[in-house]
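Student: Okay, here's what each chain looks like letter by letter:
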Amino acid sequence: GEDVEQSLFLSVREGDSSVINCTYTDSSSTYLYWYKQEPGAGLQLLTYIFSNMDMKQDQRLTVLLNKKDKHLSLRIADTQTGDSAIYFCAASGGYNKLIFGAGTRLAVHP
Amino acid sequence: DTGVSQNPRHKITKRGQNVTFRCDPISEHNRLYWYRQTLGQGPEFLTYFQNEAQLEKSRLLSDRFSAERPKGSFSTLEIQRTEQGDSAMYLCASRGTGNTGELFFGEGSRLTVL
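Residue numbers (the working numbering), protein chains in the order written: chain A, 1 to 110; chain B, 1 to 114.
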């Protein structure tokens, strides 16, 4: 079945760019997603990308997809303290369900 | 506009007791999912409904777990004879009929088994 892996922790300075990486195994995943989770809260959809796209930009967020290497990244420009959270990569895993990675904890420091 | 609603938000129970969680999805969404999330992990798929039909169950869903969606609207997740290993956040998500497949999550129900 589908497996999704992410690095667990990223620390950046306020104002810098953050890049969160993810790899997945199932090349048939039609869509790939990025979710954000703040402490004690549910998951909030940030953005998604269709598998036939290489890049998608949405305000401060840029998603890059390398389908050949099954690699997905999320770039957050001008990272702010409010961006501190856990970011989850997810891939479609059949029967319309999503398979999530373990999450990358982003810490933003002044 | 109401999103996905889950109740209760927190439940503390003693080992061996039964607990039930409720999820009210976004009203026009016909697909409903339950996930479990433990500390430091991503959400793990438990089960999926399309309307009232339960179409897939994960191996994580032992015999002590049962989920229903009787009228294709709200859903309940019951855990019988709770164990300490059941302590987790139980997340409900719903999805409409669009092709992009994104799930909309509730705030979750946190279960602590003492």
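Rather than coming from a laboratory, the hints here were simulated on the basis of the structure. Please note: incorrect hints may appear among the correct ones.
The following label-pair restraints were derived from C-beta to C-beta distances [claimed, not checked]:
(1) PHE9/A to GLY85/B: 24 to 30 angstroms
(2) GLY16/B to PHE9/A: 45 to 51 angstroms
(3) ALA77/A to ARG64/B: 42 to 48 angstroms
(4) GLY40/A to GLU28/B: 37 to 43 angstroms
(5) SER17/A to GLU83/B: 42 to 48 angstroms
The beta carbon of each residue, even a glycine, is placed where N, CA and C say it ideally should be.
Student: Among the hints numbered above, which are violated by the structure, and what are their numbers in rising order?
Tutor: Structure breaks hints 2, 4.
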